[in-house]
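Protein chains in written order, with my numbering: chain A, 4 to 239; chain B, 429 to 581.
These aren't lab readings, by the way, just hints derived from the structure by calculation.
Do not rely on the hints blindly, as some may be mistaken.
What the hints assert, rightly or not - Example chain B residues on the side facing chain A (calculated, C-beta under 10 Å, incomplete):
#1 Asp444
#2 Leu449
#3 Ala532
#4 Leu533
As the list claims (entries may be wrong) - Computed cross-link-like contacts, DSSO-like style, restricted to lysine-lysine with a CA-CA straight-line distance of at most 30 Å:
#5 A/Lys50 with B/Lys527
#6 B/Lys469 with A/Lys81
#7 A/Lys50 with B/Lys546
#8 A/Lys57 with B/Lys477
#9 B/Lys490 with B/Lys477
#10 B/Lys527 with A/Lys51
#11 B/Lys469 with A/Lys148
#12 B/Lys480 with B/Lys492
#13 B/Lys546 with A/Lys51
#14 B/Lys498 with B/Lys527
#15 B/Lys492 with A/Lys50
#16 B/Lys480 with A/Lys57
#17 A/Lys81 with B/Lys527
#18 A/Lys81 with B/Lys490
#19 A/Lys81 with B/Lys480
#20 B/Lys492 with A/Lys51
#21 A/Lys57 with B/Lys546
We put the beta carbon where it would ideally sit given N, CA and C, even for glycine.
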Amino acid sequence: MLTNFAALEVGQHLYWQIGNIRLHGQVFLTSWILLGALLVFISLGTKKMENDPKGLQNLLEFLWDYIRDLARTQIGEKVYRDWMPFIGTLFLFVFVSNWGGALIPWRLIKLPSGELGAPTADINTTIALALLVSLSYFYAGLSNKGWRYFEYYVHPTPIMLPFKILEDFTKPLSLSFRLFGNILADELVVGVLVFLVPLILPIPVMFLGLFTSAIQALIFATLAAYYIGEAVEEHH
Amino acid sequence: MLAFNFFAATEGGLFDINATLPLMAIQVVALTYILNSLFFKPVGNVVEKREKFVSNNIIEAKNKLSEVKKLEADLLTQLQSARSEAQRIVSEAENESDKLYKEALELANNEANASKEKARLEIESQTSAARDQLSKQAEGLSELIVNRLILEK
């Protein structure tokens, strides 16, 4: 069974060595392909903007509206505009990565080591995203409220201080591991099922994987927006 | 250096954290700026312009509607006052014509009575004149008859 799992190549990476720095090449390869596709899609949709939206523009406007609603409900009317691009980028990046990883048959492309897959199934990517969220909510709080941001730590009572400090560590940890775990688990389940029963049986699991992928993107973006909203919220 | 392998002692593994992390973070930040200028700003401009256009039109339509209602009420009061004015004028004219009719009738009656009286008097005088003449003639005739009778005798 161990050899079977080895065939799934869990934890194998395509290493790129640049000077002293080592990178997971497969993560960048897939992310570049997927982000390239996303950018092409978006450029096509925004090439000819009309007041009367048609086709792709309609879809992009729907997406924009969806992201705006998400940012506005979580962050609040006052500052959601500043953070909407960041929240939207997180959502789009995670969504495109998850779905790209699940939908495109990467396995057909053979790499010397490791395999192509969702960039979000690599812990580096998810930690990078989670740390960006942490930085942005600190920045949002400090830039909006100055030093009064730290009132949040003793709100409503100073007893909350240790928990609030602990939260600053658990937030990025939970964000990164939730995304990483879900996407990796989905890939593994599909991989194992395909390996064991190559016909029909993996298909419902694949659909479940698509569902999970979309939900995870929404959860990540919503939580990021919620943390920023929490940081800029005024206590009275 | 940037390669900190503290989860996996050996090469590889699920928790192999290395320079992929900061580079991916930089990539996502760059993506944020690219998407902002390529997607969020242009689409936002178009959508917000349209939303403004729609809300402006709604406000304008509401203003126009209230103006129309005001004008309607205005016209209605004007119409009512015009109607009562017309009523007043009509009744005044009716009274006037009634009065005039009565006056004319009286005048005509008087005139008719006067001319009737005059005619009666004339007839009377002519009748008496004719009677006088007749009696004179009768006198003349009787005299003539008497004379003839007397002369023949």
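Item checked: Given hint B/Lys477 paired with A/Lys57 - CA-CA distance at most 30 Å -> Holds, at roughly 16 Å.
Check: When you check the alpha-carbon spacing of B/Lys480 and A/Lys57, does it fall within 30 Å?
Finding: It holds: about 19 Å lies between the C-alpha atoms, which stays within 30 Å.
Notebook entry, point to check: Are B/Lys498 and B/Lys527 close enough, with their CA atoms no more than 30 Å apart?
Noted result: violated, 44 Å
Note to self: Check the hint pairing B/Lys469 with A/Lys81 against an upper bound of 30 Å on the C-alpha distance.
What the structure shows: Roughly 18 Å between the alpha carbons, so the hint for B/Lys469 and A/Lys81 holds.
Check: When you check the alpha-carbon spacing of A/Lys81 and B/Lys480, does it fall within 30 Å?
Finding: The given pair, whose Cα atoms are some 18 Å apart, holds under the 30 Å limit.
Note to self: Would the hint linking B/Lys469 and A/Lys148 be met if the CA-CA limit is 30 Å?
What the structure shows: holds, 26 Å
Notebook entry, point to check: Do the alpha carbons of A/Lys50 and B/Lys546 lie within 30 Å of each other, as the hint requires?
Noted result: This hinted pair is violated, its Cα atoms lying about 112 Å apart.
Note to self: What's the verdict on B/Lys527 and A/Lys51, does the C-alpha distance respect the 30 Å limit or exceed it?
What the structure shows: violated, 84 Å
Note to self: Does the closest beta carbon of chain A sit nearer than 10 Å to the beta carbon of B/Asp444?
What the structure shows: With a minimum Cβ separation of about 6 Å from chain A (threshold 10 Å), the hint on B/Asp444 holds.
Checklist line | Pairwise hint evaluation, A/Lys51 against B/Lys546, where the allowed Cα distance is 30 Å at most | finding: Answer violated: B/Lys546 to A/Lys51 is near 109 Å, above 30 Å.
Item checked: Hint consistency between B/Lys492 and A/Lys51 [alpha-carbon to alpha-carbon, up to 30 Å] -> Outside the cut-off at roughly 34 Å; violated.
Next item on the list: Closer than 10 Å between Cβ atoms is the bar; does B/Ala532 clear it against chain A? Give me holds or violated.
Entry: violated, 77 Å
When each numbered hint is compared with the structure, violations occur for hints 3, 4, 5, 7, 10, 13, 14, 15, 17, 20, 21.
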